[in-house]
Each structure stands twice: as C-alpha cells, then as structure tokens.
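In case you want the letters, here they are:
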Amino acid sequence: MITLGLEEKNEILSEVNRRSGANVLECYQCGKCVSTCPVSNYMDYPPRETMQMIKLGLKNELLMANSSWFCLTCSACSGRCPREIDIPAVMEAIRHIAIEENYINDSKKVKEIRKFHEIFLDMVKRYGRNYELRMMAEFNIRTRNLFKDMHLAPKALLKGKIPLGVKPMKSAKAIQRMYKLAEKLDKKHL
Amino acid sequence: MARVGVFVCFCGANIADYVDVPMVVEETKKIREVKFAIEYKYMCSDPGQQLIREAIVQHRLTSIVVAACSPRMHEKTFRKALSDAGMNPYLLEVANIREHSSWVHQKDKKAATEKAADLVRMAVAKSIANEQLFEISVPVTKRALVIGGGIAGIQAALDIADARIPVVLVEKSPSIGGKMAQLDETFPTLDCSQCILTPKMVDVASHPYIELIPYSEVIELEGFVGNYKARIKKKASYVNFATCTGCGACWQKCPVKVPNEYNMGIDKRKAIYTPFPQAVPNKPVIDAAYCTMLLKGKCGICAKVCQVGAIDFKMQEEIIEREIGAVVVATGYDLWDPKPYEEYGVGRFKDIITSLEFERMVSANGPTNGLPVRPSDGKIPKNVVFIKCIGSRDEAKGIEYCSKICCMYTTKHTILLHHKVHDSHAYVFYMDIRAAGKGYEEFVKKAQVDTAATYLRGRVSKIYKKEDKLIVRGEDSQIGQVVEVVADLVVLATAVIPPKDNPELARMLGISYDKYGYLSEAHPKLRPVETAKAGIFLAGCTQAPKDIPDTVAQASACAAKVCGLFAGDTMKKDPMISTVNTEFCSGCQNCVQVCPYGAIVTEEVPMGHGSKEMRTVARINEGVCQGCGSCVAVCRSMAISLAGFTDHQIINEIVSI
Chain A
1 MITLGLEEKN EILSEVNRRS GANVLECYQC GKCVSTCPVS NYMDYPPRET
51 MQMIKLGLKN ELLMANSSWF CLTCSACSGR CPREIDIPAV MEAIRHIAIE
101 ENYINDSKKV KEIRKFHEIF LDMVKRYGRN YELRMMAEFN IRTRNLFKDM
151 HLAPKALLKG KIPLGVKPMK SAKAIQRMYK LAEKLDKKHL
Chain B
1001 MARVGVFVCF CGANIADYVD VPMVVEETKK IREVKFAIEY KYMCSDPGQQ
1051 LIREAIVQHR LTSIVVAACS PRMHEKTFRK ALSDAGMNPY LLEVANIREH
1101 SSWVHQKDKK AATEKAADLV RMAVAKSIAN EQLFEISVPV TKRALVIGGG
1151 IAGIQAALDI ADARIPVVLV EKSPSIGGKM AQLDETFPTL DCSQCILTPK
1201 MVDVASHPYI ELIPYSEVIE LEGFVGNYKA RIKKKASYVN FATCTGCGAC
1251 WQKCPVKVPN EYNMGIDKRK AIYTPFPQAV PNKPVIDAAY CTMLLKGKCG
1301 ICAKVCQVGA IDFKMQEEII EREIGAVVVA TGYDLWDPKP YEEYGVGRFK
1351 DIITSLEFER MVSANGPTNG LPVRPSDGKI PKNVVFIKCI GSRDEAKGIE
1401 YCSKICCMYT TKHTILLHHK VHDSHAYVFY MDIRAAGKGY EEFVKKAQVD
1451 TAATYLRGRV SKIYKKEDKL IVRGEDSQIG QVVEVVADLV VLATAVIPPK
1501 DNPELARMLG ISYDKYGYLS EAHPKLRPVE TAKAGIFLAG CTQAPKDIPD
1551 TVAQASACAA KVCGLFAGDT MKKDPMISTV NTEFCSGCQN CVQVCPYGAI
1601 VTEEVPMGHG SKEMRTVARI NEGVCQGCGS CVAVCRSMAI SLAGFTDHQI
1651 INEIVSI
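For the protein sequence lines, the chains are A and B, in the order given.
Under the numbering used here, think of the first position of the first sequence as 1, with each following residue one higher.
Under the numbering used here, think of the first position of the second sequence as 1001, with each following residue one higher.
There's no promise every hint is true.
Here are the simulated EDC-like cross-link-like pairs (lysine to aspartate or glutamate), alpha carbons at most 20 Å apart as the crow flies [stated by the list, open to error]:
#1 Lys-1469/B to Glu-8/A
#2 Lys-32/A to Glu-1441/B
#3 Lys-1382/B to Glu-7/A
#4 Lys-148/A to Glu-112/A
#5 Lys-1466/B to Glu-8/A
#6 Lys-1379/B to Glu-8/A
Covered, in the sense of this in silico footprint (three residues per stretch, anywhere, with C-beta under 8 Å from a C-beta of chain A), are these stretches of chain B [to be verified]:
#7 1443 to 1453
#8 1482 to 1494
Simulated from the structure, these hints should not be mistaken for lab results.
Please read all numbers here as calculations on a predicted model, not as lab measurements.
The beta-carbon is built from N, C-alpha and C at its ideal position, and this holds for glycine as well.
From just these sequences and the hints, can you work out the full model?
Here is the structure:
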C-alpha cells in the first residue's frame, strides 16, 4: 500500500528532473520505452513504471530497485519516446542519488554491475581510456569468478579484439585533471 | 386502354443473384396492358433513367412500373425521370423486389422469382388505375420556436433571428443562460464563461426578431411542419415584468432565505429573486413554495418597497398561443446524483462535493469568493482528489455511456485549483483520458506537466475518514499497486444525464427518445440535428452529452435547417391526401376521432334536393393531412378516398394475383 498526500513536496521528482534535465511529468505512460528496452524484462520496475513512481514520489522503492543499474544507457527508449524524455539520463540520476545517499541493492547482479562501473571509471582515470584486458581480469578477480567468459578469450585475442597492451592517450593527463576538478566541484556542491 | 411500361432492375448482384430477372420480364410481358418491358443493370443510373424517358416517348406509355429497391430510396429519382419525359410523375409505381424479395429470400431463388413476378403484376394492376396528381403547396408560418434558453437555445435563436426570421424563445427558469451561466472558466482556452455568454444573452433580450418568454413551458404542440401551433404556459411570477425596473429593492428586503439553486445550495437566496446578477431578463420572480405572503398571507414587504408597484400577489398562470413553422428543442442536461456511491460515503462526509459545486466555489461570482473551501470547516484544502466517471460507464450504479465532458472539465478543475490555491496538489483518479477535440490533448498535458496534477489510473474503491482528512483508496494500475491519498477535499465528476422530463416532452412533441431519455435524431450520422418528425430539430445535450463547441455548432446547424425550411413562401407537399365525397358522408365523425394530425374538421352542407335543412359532413384540411389513410379505413360509408391509393387501385392489386 502506498500512501500519498503526506509529503509537502515531491523531492525525488524535483531532484531527478534537476539532475537529468528531463521532465518526468511529461511521461504519459504509453509504455513504448518498456517494449523497446532490451533489459526491461529483468528490471524490478521497467522504465514506464519507474517514471510513474517518480511522479508519485516513491523514493525508497526507486533507489533500492535494480532498474537504474540494469539500464544499458543504450538510449533506444529515448530515441522512440513520443514525449522525447531522456530516460537514460533519468536512470543515471537515480543511480547517482542512490550512491550519494547510500541506498544499496545487495543482489548479486547489482553488486557486480556496480563493481563494473567502478573498474571502468578507474581504467579511464588511469589511462584516459579503457584497457580491456586489465578491466576483464580485475572484474573477474573482484567478483571472485576467475574463469568467467574465459573460453571466449582465445578467439577474441586471435581476432585482435582484445589488445594485450594499452596505448596511453595523449590527453590522459587532461582527463586526470578533469577527474580532480569534478571531485572538487562535488565536494563544494555537497 | 392503359399502356404500361415495366423496367426491372438487377441492382448489380443485389437482386439478380437471387431473382431471375429475365424470367420476371418474360412473365410481365404476358400481361395485356404491358406494352414494353425491359431489364437493366442499374435503373437508377443515368442510362437507366434514359431508358425510361425514351420508352415513354417511343411506346406512348401511360403509366410506368419500376421493379427495383424500396421507394424510399429512388421513388423521387424515377418521378423526376417521368417529369423530364413530359409525363405526370405520380403515374409511377415502384415494385420493391429487393427488400421485399431478393434480400429476404436468398435461399430460394425460384420462390423469390415468383414473388418478384407477383409484386410486379400487382404494381402493374395498380398503375392501370393511376391518375394524374399534382403537388400541393402549403403556406408556411415563418416563425420558429426554441425550447430552452441555455447556450444551445441562445445560439439557435440568435442565428435564426439574424436571418430575419422571428423566434419565440421559451425558457423554464426565470433567466436564460442555462448550465453555462454556472461555469467559471471553459476548457481548453480558460476563457471566462460569463464573459462570453452574457453578451449573447443580452443580444437575445434586445434582438428585434426574438420574443423571449422566460419562466414558461411549452405544454402542447399541434399541427405539422410549417404550420404548428404551440401552447405556452407562463408560470405566475407575481411580478409584473412590464413595470419592474429590476432595481433589486425587493430581494434585498425579503426576509425569507432559501437554498440557492444557482450556487448548488452552498448559499441562500431570497424568496423573491433573480437567479444571478447578470440574469436576462433582469426581473425577479417570487418562489411561491417559500413566500410567506403567498403561503400564510403575511409579510408583503416586497410590495411595500417596490417603487413602481410591480408586485402582484394575485397573478395567475397564463396560457398563450403562438403559431410557428419549426421547433428547435434545446432542453439541455442534468447531472447524475452520486448517492448510490455509498462506499465513497456520499452524503455522510461533508467534504465530498460534486464538480458543479466545485465549479461554483472557484467561480468569481460564487458563494465562497472564488476559493474552494471544505464544507465541513470552511478551510481551504491543500490535497484535492478528483474522481472521474462517477455514474458514467458504470452499469451497476449509473449509466453505460461515457459522459464525454468530464475528462476535460476535471482537467480544467485541476488547473483552476492550482490558480486559486498555489500550494495545493490535485490527484485525479481516472479510467481513460478522453481528450478528443481541438486543443484538448494539449490542455491535458498542461494540467499534467505545468500544474503537476497527479493522474492515477483506476477507480476509487472506497473513501473513509481519518481525523479531519478523507482517505481515498484506489489502485494505480500503472504500477499495479494500491494507493491511498490523504485528501482534504474530494470532487466527484458526476455523469451527464438527460433532463428527467424529456420523455414527457418527447411525447408532447411527437418525437422519439432513447432508453436513457435523450431525444433521438433522425439518423445518427447523416441527419444529426433533425428528428423523425419534420420541422422539429435538436440542439445541445438534450440529444447526447456534448461540450460547448459541439453544442454551439449543432445549434447553428439547427438554425440553417430552419432557414432552409423557411426559404420559400410555401412548402411543396405530396398530393397523396384524403378527400371526402360529401354525397356519401353520413357525418358520423369517426374519421375526426382517428386522425392523428387533427386534419379533419366538420362543416354544414345543404341536405340537397332544394331543401333548406343542413347536415354535418367531414372536411379534410389538405395542408394538414399527411396521407396516413386512417380515416379511409374507419369510414363506414366509404366516403373518403386517399389519392394514389384509391379503393379501385387496391382492389386491382388484390385481384391481379
């Protein structure tokens, strides 16, 4: 049972709108996003329901759900949305709020996805780009599943899909500076 | 001797698939009087008609039989063909071998063919006795009656009057304006209802071609298209409108307070009152049910304060008559009483109101100075729940149909609420959002996005009280979960229903109505403003629920129909009417009794043989007679004959088979 009308203001709505630049109120619940989304079947609340829950201000359910973590940010939904809502940006806003306010969905899948995000960002920070081989190794180690997808490795390596080394980018330094600046701004903002 | 031409139609496959058309033609040729018979694929087509025209000249035909579809479809077409060939159009007979044979006997071609041949044989026999007939022209009374002074009646009256046709506008209540006068703003443009309506009301009052009869009802209508006579009951207003100046001294001093219908009973009015400040005419009436002078013979303050002596406690109701040529019915609608919704606590909880009550509250001239308030404690509500489809689309408690306007007026209410109480929040429980109309979908988006009304898809299951709040429980089917809204005020969007005296009105006018009580149009698509009775038209919600733009459009359509009807000085009429042979008439007057149109009167004629004695006989008013034939059937002395359907013709038909 959901009780409405107790809160003075729908905070999650204004926060998501502010962060994403989208206006969730525009959603008229047609469901085109849900049938477009390749992973909506695996979500606790597919995009349409997520939108409605934001409108109703169901903060706890939203931030604890796996939906935003499962979102691939493929933008197929927003590409087809008749109201042109940037749904991936909305999902990202929910992820950010969940991290900041320490809402933790402790299902195995979400934990893995969060680790993947961390490792990926770490790679970008180090090299200015992704270093696939290291990322895969680190992901397998940190998720304690050493041989995950190992059978694909020989083929991928032979085809040159996974370079053994990484060419640091010229602008890697600049990217590191961006990270620092972003962290500073974040602290100031909080 | 008669020379008959027979033309049998295939009607594509409609007739030819089930009736052996060439066989029918062969059978027909055996009849002595038939000098020419032919089949053709489509008789109604241009070459088909040409065939008739040529045959008339070539074969010197004296009457024509067309065996085709129902005469309702193409009788006029073929009569025209006869006229074009220089023949009297009423020498035509139509044998209906489609509806009466091919369509109904699709399983038995042999029998269908035999029946078709019989039908043609009968038509031929009848046509032998056909006589030349000539159209009758009837004078038209160029005056229209409009029943109901809401926006539909006002628009129809103004449009007709602008064509310089006199209009009699009859309104039941003391002022015109109807439901629209009670509205605050109108969707989807949010223009003020009063501001766009009152200029039209004033136009009605000052128009030289409109006779406004307020506080009156039409009680009887007799006659026929172009020549109706209406009896109108003027209710006793106890105020002489001719002398009253509308100064208002009487209603300021009147000591009797009565619930105010205009404000949905939220505040009080006096026993002598005008419904609202902009009333047209701006003259008060005395409510006889509450006036102490009329009830107990004491008081009379209004009469004392009236400077011009306009109060007349002895006034009686009055019946007046008007001759008119056409009627526009615009009696509007009522709102459904939500009492059966016991699970919502309707009647038990004061803070549940209807949409029209909400409308009056937020209206600038309303009883609460334009602010929504909780009836229980007078506080301004913050959380307001609007529930749609109250009575609509509810077969168990209300009616089956969609009331059409609730989606939009509820949308308007969420926006008005936001305008009046900035920190309020609107919740809308709905089943569907039906926003088909110019600018309507955009208006709903405005409510949902700009004013952030929360739309919850589901019917409310129950409402209960918790301290001073109302808890509204329903499902939000968008997320498949039950929600409860803590509300300060609940507004019910009650269904539109026809006025409860519509059936009685329909019987009085001789028109039909549907199972709900809405008046029926002649055809749901192609004749939406006409009734089945010629000269009576429908405008507005009395026909079906509709919004203001649709109502105004339909009212203007009615006006166009009325102007079309009055375009000539006379109306042409088919000559198939009854005549009395006074030699045979015994004066029993049975015919006078059965005539449904009041077309038969009696007159005195000399007895004959030089006698000075007079005797009574029947006489038929040819303008009024519609040719139904009832009088012919009851006439004992066979004195009445119906042109085009004489006894001779009918007997010929019977003998031929």
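For which of the previously enumerated hints does the structure constitute a violation, in increasing order of number? none
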